[in-house]
Amino acid sequence: MPAVRAPWYHSRVSDSSCVPSVAVPIPATASAAVPTATLSARHSALVRVTHWITTLCFFALLVSGIEIVISHPRFYWGETGNDLTPTLFKLPIPASRNLVPSGYGYVLPDQNGWSRYLHFQSAWLLVFTGLLYVAFSLLNGHFRKNLMPDGADVSWRAFSKSIASHLRLERPGAAEALSYNVLQRLSYLFVIFVLFPFVIWTGLAMSPAFVSAVPAAVNILGGQQSARTLHFFVSLALVLFLLVHVGMVWFAGFKSRMRAMITGRAATSKEGA
Amino acid sequence: MSEPSKLEPSPRDSSPRNLSRRKLITTGLAATAGIAGLSVAARLAQRYGLIPPDHGGFYGFGETLTYASQRLLTRHSLAREFSRSQISQPPFPNEMPPLNDAFKSLQAGGFADWRLSVSGMVAKPASFSLTQLKSYPSRSQITMVQCEEGWSYIGEWIGVPLSQILQTVEVHPQARYVVYFSIDPDWWESIDMADALHPQTFLTYGMNGGELPVGNGGPLRLRVPRQLGYKSVKFITHLTVTDSLKGFGKGLGSAAPEGGYAWYAGI
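From first to last, the protein sequence lines are chains A and B. Using the numbering used here, the first residue of the first sequence is number 18, and each one after it goes up by one. Using the numbering used here, the first residue of the second sequence is number 4, and each one after it goes up by one.
By construction, these hints were calculated from the structure, which means they are not laboratory data. The reader is advised that the hints may include incorrect statements.
Unchecked claim - Output of the computed footprint for chain A on chain B, the stretches with three or more beta carbons under 8 Å from beta carbons of chain A:
{"hint": "1", "region": "72-79"}
{"hint": "2", "region": "152-159"}
{"hint": "3", "region": "218-230"}
{"hint": "4", "region": "256-268"}
Glycine included, every Cβ here is placed at the ideal spot set by N, Cα and C.
Bound-form chain A, shown alone (with noise of 0.2 Å):
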């Protein structure tokens, strides 16, 4: 009975993001009509209430960031640091605590303590989710079918073709709506697998009780205040990431691309797909 076998088979292909081949026609009513788009599976289920949900952890851990460094905005190498000694720099902006010399003639209010209640529990829901998705992603194949280059993209010229037409800034194909570019595919996989890692890393170096139990965590990176630094930095880099990220969604355009993170459908139409 195919009735028994097929909905098992069906959904394994649709479960995982990214199979062009499994277009959906738009519902009954309108697919009676001659269509001239169709709604194709795009995006998991996992994929996107992963992505909502770090979006919503980034969001939460960037704005209480942005006020545990403001209560002290200088920055330094090594084990320590503090106002009497020489920094590796400052942030050129006004602090929120009263002794920590600003340059500036006023003290912003202080709002570590809720920050930091927020930020570490940002930092755990971010974590739990960021090893849901890359567990199940080993397990579905959406690393390796979705986000590892294709063999004919690992090449210098596959490579400096997606470079220029970035460069030109090009608008994606239709082929994009379904896939992701190379380029795009190395962004997420040093995003997921070198700036998360590093930066949840770098956040526990800085805690004293975690490098009591494992100190190599903090002497590798040379001392706890380069480790702060370091978290900084990568903090930055992520930040960067999420800028040209959204940039590129505004690009390729906004609607569908929510659409697709949205509802998990992409449209495109007959002939582009």
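Keeping the supplied structure of chain A fixed, place chain B upon it in accordance with the hints.
This is chain B only, laid out in the frame that chain A set:
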């Protein structure tokens, strides 16, 4: 009888109704398992002392996870110690609230009348002078003070391990926390027994080979080197051993959560 090709999904099979029913059942099962797992975890955590006193409210989830995971990971681990050459020069004295009259009069007498009283769930409540505290074998550690603001410094801390004093007053076995008070009534904190009995938790009276300066908490400061600086309360005059933090202040464990900061500051 030959069947039609099974590889071609029929339109019926891809109907959203089938999928949503499957997903509903899966989600329902996952949610039930999740809730059951959480309630078991909560019961175990309560039993093994993994719930911090400020576990309520919006941030209780993150706070509990941090405390529970670090308590499991760091029960016996030692804070990093540094070499003498890494001691910060000059030592950094942090901002201090204006010292009150009680402090000033003791300071005028060279702290000869400074007392540390110990009460609560102990067999022999006692009061120690600084001279008495110094009569115990003195220990030193070169550890880092890390402020929640972001700055830090390394110092040599000289004193008597808190565990020594707790042993002297004979703490009851059911004790779970040590609450400690500064001469400044705004400052009081508490730690669990894992930190109270930890070999690096000191009642410090000396720093960098000399007396503990007032700016760094002299004449007596409790050092908890595996937590942020605000747990190392300055000008300690009183300790109480307890099995519950409910009766202290608002019941959140210390002055820190009442001011919006986490009770557990191991980060």
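### Message
Is the listed coverage of the region 72-79 of chain B by chain A valid when you require three or more residues with a beta carbon under 8 Å from a beta carbon of that chain?
### Response
With 3 residues closer than 8 Å to chain A, the region 72-79 of chain B meets the three-residue bar; holds.
### Query
For the region 218-230 of chain B, do at least 3 residues have a Cβ located nearer than 8 Å to some Cβ of chain A?
holds (count 3)
### Query
For the region 256-268 of chain B, do three or more residues have a beta carbon lying closer than 8 Å to a beta carbon of chain A?
Answer holds; 4 residues pass the 8 Å Cβ test.
### Message
Verify this for me: three or more residues of the region 152-159 of chain B with a beta carbon less than 8 Å from a beta carbon of chain A.
### Response
holds (count 6)
Checked against the numbered hints listed earlier, the structure breaks none of them; every hint is satisfied.
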